[in-house]
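**Q** For reference, the chains in residue letters:
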Amino acid sequence: MGEMVNIKIDGKSFTVPEGQNLVAAAKNNGIFIPSLCYFEHIDPPLGTCRTCTCKTDGKFQPACTMEVYDGLTVEVNTPELLDMRKSLVEMMFSEGNHFCPSCEKSGNCDLQHMAYELGIRVTRFEHLFKDRLIDYRPERIIMEHNRCIKCKRCVEDVLTDDGKKVFTYQGRGNETFVGIDYQEEKKLTEEQAIAAMELCPTGAIIVRGVSMAQPFGEREFDIHSEQKNFSRRFPKSNKPAGMEKKVLATASLAGCFGCHMSMLDIDTELLDLVELITFNKSPLTDIKKFTGRCHIGLIEGGCCNAENIETLKEFRNMCDILVSVGECAVWGGLPAMRNTIPLSECLEEAYLNCATSEQGANLVPYHEDLPKLLDKIYPCHEIVKIDHFIPGCPPSASHIWKSVKHLLWGEEYSILYSEFKYD
Amino acid sequence: MKELFHLEPARSSLLNRLWELQHQHGFISDHDITQIAAELQISSVEVEGVVSFYHFFHRQPSGKYTIYLDDSIIAGYKGYHRILEAFERETGTTLGSVDRTGTFGLFRTPCIGLSDQSPAALINFRPFTQLNVIKVKDIIQQLRSGADIDQLYQLPPSNVCNTPYSAMNIFFRSYTPGSAVRELAKCQPDDVIRFLRETNLSGRGGAFYPTWKKWEACRSYQADHKFIVCNADEGEPGTFKDRVLLQDLPGLLIEGMIISAFAVGAQYGIIYLRGEYGWLQDQIQKTIDDFNELGLLGSNISGIKGFNFQVRIQLGAGAYVCGEETAMLESMEGHRDEPRTKWFYPVEKGYLQYPTIVNNVETLCAAARIVELGVAEYNKAGLPGSPGTKLISVSGDCNKPGVYELPWGITVAELLELCNAVDPNFIQVSGPSGECISISEKFRRISMLDLLGKPDLRCGGSFMIFNKDREIIDILLNFASFFKQESCGICTPCRSGNFIIERKLEKLKNKLARQVDIDDIVNWGHIIRSTSRCGLGKTSCNSLVMAMQKFGGYFDTLIDKKENGQIAGFNMDEALADYEQYKS
Ligand SMILES: Cc1cc2nc3c(=O)[nH]c(=O)nc-3n(C[C@H](O)[C@H](O)[C@H](O)COP(=O)(O)O)c2cc1C
Ligand code: SF4
Ligand code: SF4
Ligand code: SF4
Ligand code: FES
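In order, the protein sequence lines correspond to chains A and B. Be aware that the first sequence starts at 1053, since it is given in the numbering used here, and climbs by one per residue. Be aware that the second sequence starts at 560, since it is given in the numbering used here, and climbs by one per residue.
There's no promise every hint is true.
Okay, the calculated bits of chain A under chain B, using three or more residues with CB under 8 Å as the criterion [stated by the list, open to error]:
| hint | region |
| --- | --- |
| 1 | 1064-1075 |
| 2 | 1095-1104 |
| 3 | 1389-1396 |
Just so you know, these hints were derived from the structure itself, not from any lab. All C-beta atoms in this analysis are idealised placements derived from N, C-alpha and C, irrespective of residue type, glycine included.
Take the sequences, apply the hints, and build the full model.
**A** Right, dumping it as structure tokens:
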């Protein structure tokens, strides 16, 4: 270092010390290059998270492993790069299990911060459902593997007084996780453990007894929402003139009607609702046949028979937006328990071999008026294209209503801790 | 097991220690780990981290006989499933477990470098090839009745397919130990580097980096010690050319290393041999011993004052990413083989931070031949700008799988003709990380001239041929699973991205996908490629994206092309078939 050199970032020229780390050089000049694993004093840099990827002299490179040199041209904020960074952070979310409302680090988390910074609402990737553990064995800490993004900071930087590693990766590929040496972990002082927690960019390392002032459910954002009167956004009195009523249809396929009950749970606000929407085909109104196109169709339950399939396909044809509501529609739910058993076994157990059936005189019902059973339960999206999913068993009324309002009128929404019905 | 060099720290012996334990007990116990950790004065979890990286190391007993079945796509089409079933039946195990008596352990492993003799398996790291159900039954029965495993297998034939061009062979011509090294007495290190430049020799490990540049760079660094590492990890599925060189011409390889040492001023050489090729180790070691006796290794080699060079073998333990040069260095140092950042190149700071050359087996053999034959003779074969010959491992749907030595410039069509390919449709060139071509591209030449913008095809060393009955999606899915499992897991796009891609392909295979899913694959492939840390992630989606573009018509049959919101994979008749049997 010493010499000053000229570099260009997004078209602007800057003079920076030669050999300086690009992330630092940019930061000193007011340009933020997102980074999750970069830690100034770790040398050489880790280069694991890749969120700092920029284009340097036309090549994709992580900025944190670049030393600036004279004439270097860097692109930081092109639409392509912004999207790439966003997708990398989304990958971390789809691979882990980040449930911020119940996370000790929430509000103080680099990953969460980065997600906000990049404008992430949902990930473009399906959730990967990695089976990960929460490790309670260490003495000072708890390791919540679901939240680890494998930045490698703890591996490199958490050492005992005699220089031994406390953390090291185990396994490889998507099975990689941070292993803990329980013997060495014991030797960490309280301060060292807290330092480890603070060094972790996520809420993966939690020190027992010191991480949270307020228990879950009692924190500010558990209790209060910006949307206090969420269902009264369009009160009768000042409904915007000429606002079109939206048309809604619902169906219950292989479900228990629980999701429909949940829809009704919005209680008195139903009265407001009829000002805003009209029903088409739906068991709620007992309208049996479609009479026209609908803006939105809500489907409860998966498909267990040919009639379900027909109904679902009809909904697809008639609705602009189709939503799977509840676990049964989303992945099959309770009825899908029979998917592990051949259909013939189910039927024979029910109609031929069961204790209450009459000896010899038994038949498996088959009649042209009866819907034909499918070999297994199919979630709705395996039959037709589903645009959105509302999980929960059943999803709470306000969850459904907020989602529907969002889909129909683009209204922003957030869901309170108490409104989740996922567990 | 050969001793380490005196300057290597104890930690470099970690892999060898673990191998010893694995061989002795069939697994590595907690006690072993604590003990090794204490000896090396590192924490146990660090040792565990290394053990868990390699799939040939087990933490639970892996059976008196440990069977590894090759699950590459080539094996898949040659009867993998039948063989698997036969092994399960005969041994009483299920895949991934050990039978109740602890006699047999059955596991799968990616390509073991025997795709020309597929289906194949390793049993206690000895190769068993061309398996069929009867053979499996026989092998297991014999083992049960106490037969000596060494009596049950033969070394696989090297399967070099002679070509009409054999007059111009570079590699597979007669070989006399020392004929290249003796030429060194007549030249200077700079001459050697010049020879390489004049023959355009470039890295045969797949990256085609000019070898002379690498050697010259390494030569320019001053250091007390330098290393030559031979990359004999050959992990790319469908590639087995290095196996044949190691088997037939180990001496030529060692001469290549000696020449490299001469050129850059190195004193130590290490052959990093993949664990799957453990059965070649004794033979290579014997060649090293012979060379020592002949004065071709050791001190004042070939009478050159002060030219001292020694070679040892390091056995890998099953991890594709070890083939990445910096990961290999990590592995040799007794760390988890996570590729390094490109903060330093190995030529500057490599093994133990000393300047290090890492070259592929074929590159080193070619270097030896160049010095032996001279530039003019070498350049007679091949094309101007792409001289010499190339070894290509051919496997899949053809009648003559094996290793072909071909002059650069041959066309795909000619190669298909030579190997007697049957109805070829989809060809995977240079392994899963390479590129795929369709038969309509058969008139492309195979050469290095693509670097000059010609439409030629650069081939790293393998050619997997698939006929028109093969489902392309199955091939791609096999590759995707391979990358998912073999990713070192250290960087986000590769660890998580390859998993996401595999899920998408499963969706496509099950016909649950739509056009947007195909677009996603192409876009995400670009993201993974652009942001990954090492070559594994940078190449894992190459063929996939190419296939989407080249075989669009095929993929259209897997999706809901009409975009009417119906999912293509659902078939009402099939879904109702079970119930229809109750129709009276
Ligand atoms: C994931 C990965 C696997 C690799 N595997 C091998 C291999 O098995 N054999 C090999 O020679 N090179 C392999 N390479 C290339 C090496 O990193 C390196 O470029 C090569 O050994 C250099 O030698 P060369 O210049 O002679 O080709 C691999 C690279 C990557 C990224
Ligand atoms: S680690 Fe961060 S992103 Fe993950 S759940 Fe906790 S606060 Fe949210
Ligand atoms: S535990 Fe935290 S610091 Fe360690 S690798 Fe995971 S995210 Fe990084
Ligand atoms: S690209 Fe894959 S193999 Fe390479 S460093 Fe990243 S995770 Fe490891
Ligand atoms: S900050 Fe650069 S790779 Fe993580």
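**Q** Could you run down the list of hints and mark each one as holding or not?
**A** Right, here's what the structure says about each hint:
Look at the region 1064-1075 of chain A against chain B: 0 of its residues bring a Cβ nearer than 8 Å to a Cβ of that chain, fewer than three, so the hint is violated. Using a Cβ-Cβ cut-off of 8 Å, 8 residues of the region 1095-1104 of chain A lie near chain B, which meets the minimum of three, so the contact claim holds. Residues of the region 1389-1396 of chain A lying with their CB closer than 8 Å to a CB of chain B number 3, which satisfies the three-residue condition for coverage.
The structure shown violates just one earlier hint, number 1.
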